[in-house]
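Peer 1: Starting from the given sequences, assemble the full structure and let the hints guide the process.
Numbering of the sequence shown is given in my numbering, commencing with residue 1 and proceeding in unit increments.
Keep in mind that the hints were calculated from the coordinates and are not lab data. Just so it is clear, CB atoms sit at the ideal spot from N, CA and C, and this is done for glycine as well. A few of these clues could be false.
Taking lysine to aspartate or glutamate and the EDC-like style, the derived pairs with C-alpha atoms no more than 20 Å apart in a straight line are [said to hold, decoys possible]:
#1 Lys10 / Glu119
#2 Lys144 / Asp132
#3 Lys26 / Glu14
#4 Lys152 / Asp135
#5 Lys10 / Asp43
#6 Lys54 / Asp43
#7 Lys26 / Glu16
#8 Lys93 / Asp48
Derived Cβ-Cβ restraints for the label pairs, each shown as a range [claimed, not checked]:
#9 Trp112 / Asn15: 14 to 22 Å
#10 Gly23 / Gly73: 15 to 23 Å
#11 Thr42 / Leu22: 29 to 37 Å
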Amino acid sequence: MNQTELDQIKQNVENEVNPCKLGWDKLKTERYSSLSYTTNATDTVWADGGTSNKFTSDILAAWSHALQWSITGNQANADKAIEILNAWSLSLKCIENKPSEYIRQEVLVAGWTAQPLAETTELLRYSNAGWDAADIARFEIMLKTIFYPLIKIIHLKTATGRPLRLIR
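Peer 2: Structure, rendered in structure tokens:
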């Protein structure tokens with residue numbers, strides 16, 4: 001999402017242009033959009049629906065608050081998004097799959113969560129949201145050491161022309 005798109009959303013919300021305004025109102029009623037949202041950060045995301053669902057909820061919450069910050073300028077939203085991202089970068093050590101599972105679900109979890117994580121960080125990082133440089137650096141390390149190796153599995157296999165196989 002670039003600044004032009006953010007400006008358009010802001011203008012549509014302020015002028016109550018639908019469907020943008022309806023979507024904005026819906027976003028603000030979601031539980032993950034609340035300033036009282038509590039993060040579920042843990043050291044391991046098990047890609048079986050349990051902790052991965054909580055992880056996905058936290059990503060949605062961070063994204064929602066970063067977007068709200070970008071549109072309204074409400075510092076409390078920026079602070080909440082930063083709180084969630086920092087909690088995960090301090091806690092997360094790995095994304096795992098149950099050893100008995102044949103499908104590489106951890107690769108899928110990393111793949112479908114990396115993009116909204118990156119979008120969220122960009123909304124905060126380049127908007128004077130108050131995200132500390134040391135916290136940003138720690139978050140980058142988390143992306144490079146936990147997410148990138150899993151995402152690389154998909155890229156390397158598809159880049160070689162061989163079919164992607166997420167079966168062990």
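Peer 1: Now tell me, hint by hint, if it's right for this structure.
Peer 2: Okay, the hints, checked on the actual structure:
For a cut-off of 20 Å, the pair hint linking lysine 10 to glutamate 119 stands: about 17 Å separates their Cα positions. Proximity of lysine 144 to aspartate 132 is assessed by CA-CA distance (about 19 Å); at most 20 Å being required, the pair is judged to hold. Restraint check: the Cα-Cα separation between lysine 26 and glutamate 14 comes to about 15 Å, which is no more than 20 Å; the hinted pair holds. As the CA atoms of lysine 152 and aspartate 135 are separated by approximately 24 Å, the hinted pair breaks the 20 Å bound.
In summary, the hint linking lysine 10 to aspartate 43 is not supported, as the alpha carbons are separated by about 36 Å, beyond the 20 Å threshold. For the proposed pair lysine 54 and aspartate 43, the alpha carbon gap of about 12 Å is at most 20 Å, so the pair holds. Taking the CA atoms of lysine 26 and glutamate 16, the gap is about 13 Å. The hint holds against a cut of 20 Å. Proposed proximity of lysine 93 and aspartate 48 is supported: the alpha carbons are some 17 Å apart, at most 20 Å.
Remark: the range hint 14 to 22 Å for tryptophan 112 to asparagine 15 is contradicted by a beta-carbon distance near 33 Å. For the pair glycine 23 and glycine 73, the beta carbons lie near 19 Å from each other, so the given range of 15 to 23 Å is met. Range check, threonine 42 to leucine 22: Cβ separation about 35 Å, and the 29 to 37 Å hint holds.
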